[in-house]
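Enquirer: Starting from the given sequences, assemble the full structure and let the hints guide the process.
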Amino acid sequence: MLRYVIKRLVYAILTLFVLITLVFFMMRMLPGDPFIGDKAISPTAMANMNAKYGLDKPVIVQYLMYMGNCLRGDLGVSITYNRDVMGIISESFLVSADLGIRAIIFAVIVGILLGAVAAIKRGSAWDSFSMFVAMIGVSVPSFILGALLQYALGLQLRKVLGINLFPIQGWGTFKQTLLPAFALGLSSLATVSRLMRTSMLDVLNQDYIKTAKSKGLSQGKILWRHALRNAIMPVVTVMGPTVASVLTGTFVIESIFNIPGLGKYFVTSIKDLDYTMIGGTVVFYGGLLILCTLVVDLLYGFIDPRVKLEE
Amino acid sequence: MEHIEKSRFAHVGANAHDREAISRPSLTFTQDAMRRLWKNKVAIVCIVIILLLTVMSIFAPMFSKFDYREQHYGHINAPMGTVCDDESVAGYGHVHIFGTDTLGRDIFTRIWMGGRVSLTIAIVSALVDLVLGSIYGGISGYFGGTLDIIMMRLLEIINGIPYLIIVILLMMILRPGMITIIIAYSLVGWIPMARLVRGQVVALKQQEYIAAAEAMGASPTRIIARHLLPNTLSVVIVRVTLSIPSAIFSEAYLSYIGLGIPLPMCSWGSLAQLGIENFRIYPSQLIIPAVCISLTMLAFNMFGDGLRDAFDPRLRR
Chain A
118 MLRYVIKRLV YAILTLFVLI TLVFFMMRML PGDPFIGDKA ISPTAMANMN AKYGLDKPVI
178 VQYLMYMGNC LRGDLGVSIT YNRDVMGIIS ESFLVSADLG IRAIIFAVIV GILLGAVAAI
238 KRGSAWDSFS MFVAMIGVSV PSFILGALLQ YALGLQLRKV LGINLFPIQG WGTFKQTLLP
298 AFALGLSSLA TVSRLMRTSM LDVLNQDYIK TAKSKGLSQG KILWRHALRN AIMPVVTVMG
358 PTVASVLTGT FVIESIFNIP GLGKYFVTSI KDLDYTMIGG TVVFYGGLLI LCTLVVDLLY
418 GFIDPRVKLE E
Chain B
24 MEHIEKSRFA HVGANAHDRE AISRPSLTFT QDAMRRLWKN KVAIVCIVII LLLTVMSIFA
84 PMFSKFDYRE QHYGHINAPM GTVCDDESVA GYGHVHIFGT DTLGRDIFTR IWMGGRVSLT
144 IAIVSALVDL VLGSIYGGIS GYFGGTLDII MMRLLEIING IPYLIIVILL MMILRPGMIT
204 IIIAYSLVGW IPMARLVRGQ VVALKQQEYI AAAEAMGASP TRIIARHLLP NTLSVVIVRV
264 TLSIPSAIFS EAYLSYIGLG IPLPMCSWGS LAQLGIENFR IYPSQLIIPA VCISLTMLAF
324 NMFGDGLRDA FDPRLRR
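Protein sequences appear in the order of chains A and B. The first sequence lines up with residues 118 to 428 when you count with my numbering. The second sequence lines up with residues 24 to 340 when you count with my numbering.
Because the hints were derived from the structure by calculation, they are not lab data. Note that beta-carbon positions come from the ideal geometry of N, C-alpha and C, so glycine has one too. Mixed in with the good hints there might be a few duds.
Claimed, not checked - Derived BS3-like pairs (lysine-lysine); straight-line CA-CA distance at most 30 Å:
#, chain 1, residue 1, chain 2, residue 2
1, A, K169, A, K156
2, A, K238, B, K62
3, A, K156, A, K327
4, A, K174, A, K388
5, A, K238, A, K169
6, A, K156, A, K174
7, B, K62, A, K327
8, B, K64, A, K238
9, A, K169, A, K381
Unchecked claim - Chain B regions said to be covered by chain A (calculated; three or more residues, Cβ under 8 Å):
#, stretch
10, 205-219
11, 257-264
12, 269-276
Expert: Structure, rendered in structure tokens:
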């Protein structure tokens, strides 16, 4: 186990290294220049700016410098915001992660319940209801869902009830997290519940469930100890990368609900050609993604003891 | 007890021909699955809906009296079923079945133009997802060890590169448009599928029937293709049906940040996004594309359920 984890950590560092290298050279191929914007800049000022951010040196030298700084834990200064990239990320990640954790808890608990019940009572009203929720979750894009929620629950419900139960936008209070967490979680919920249903149906047809029934185990024990545990594998697999992307925030939800999260930097940094910020978001997201897949792989062995990882 | 005379019985003898006769025609696995699929009414209705949407997308813009780019300033935001009263255009006297948008363009024509883009993106990426994802995941999961670790790290690298950088770089090489968006989505869209298949295979390969197949000398290709992948099918089908809307939305998302299908072309995603701006005054402009997306999604999903029931080896009787 420990050997496996160490091996994986070594690979993780290698992966991150390749990822940063690739993205570093790819972003340099993007068209445009970070300093050419709305305002005209004199050539002298331009040269000074390039010198300040080290953009006047050959790309390969910049790359070596960037890698050296990364190793020391320094992600550089954002070109657009003129602030420490690390500072921006850690500040906005707290917001995104706060929202993301709520969304994930909601999606996983409700999704597993809906999917499992739908499979156990196949063809019943529960089954149709879970299908309906999944349908809404996957067939309505988040920007439409967000706007509809704001309109229906934020605006119309307030008119009806006279109290502001679901604030339309902003960040800081518990009430303000409700709508965005719901909008963010719904599509993951749909995926979780559909996968859970199909995988639960597979498991319920297995011989060991028949054995458990013929042993006289109670329904609850069969479902909890034998069915759920075996059926949850696909859900665990998809949740790994999903957790990484939900925790780091989404551009759409954050811009609709006006939340100061990390998600917007993934888009604006590329639009503004803020090289250091692109690098920072990639290092951060990549690291989180690698960590999540490692946790998923370790969970496989934990959930299903037959799985051997170290062969 | 009544005595039974021996003479009442006659020895018939074994008739080799009759005994070996096959009472029912023998069916291969695929034939059997197709037969069960045909019996599933819901699945058939769904495939009809998908075909209908596809046929409409191909032919409706050809036969429509309105062009999808044509702007009628005479009646902007016309409600559903308005008769075109602009004498200067070809569609004079014909009905705007779904009304017109903020630029006076016929929504009916635009919906089916958008269907061309959205359905193509959905179907191509679903195929790539299915083929690439299950082969990659199957190989990685079955062989395990260092190969598995390297193949999975490769996925993390592709996943870690920001999607927008891939899209922009591709648009520099190719023309911005549907094909570029399909290629960009195909490059990254299959990764969740590969992970899912690999996760299933890792668990399945410890089962006895795999050991049996190995003991009988089956080649890895055969084990993966004949024994492992069919058993991951139920999860794979669900994932494919879920990847169809996610492909449609990935295009819609690109439209949202201004990198989608170049105007005046449209897609269901970009139509829905235009609709949301006018939602409070003209709800039909949002509802129509949203219904199209949901209908496609529902049809693929229910059809997927039918496919799963038909092809799942464990449900075969």
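Enquirer: Taking the hints in turn, state whether each one holds.
Expert: Against the structure, the hints come out as follows:
no.: 1; hint: A:K169 - A:K156; verdict: holds (19 Å)
no.: 2; hint: A:K238 - B:K62; verdict: holds (22 Å)
no.: 3; hint: A:K156 - A:K327; verdict: violated (73 Å)
no.: 4; hint: A:K174 - A:K388; verdict: holds (23 Å)
no.: 5; hint: A:K238 - A:K169; verdict: violated (65 Å)
no.: 6; hint: A:K156 - A:K174; verdict: holds (24 Å)
no.: 7; hint: B:K62 - A:K327; verdict: holds (28 Å)
no.: 8; hint: B:K64 - A:K238; verdict: holds (21 Å)
no.: 9; hint: A:K169 - A:K381; verdict: holds (25 Å)
no.: 10; hint: 205-219; verdict: holds (count 4)
no.: 11; hint: 257-264; verdict: holds (count 6)
no.: 12; hint: 269-276; verdict: holds (count 4)
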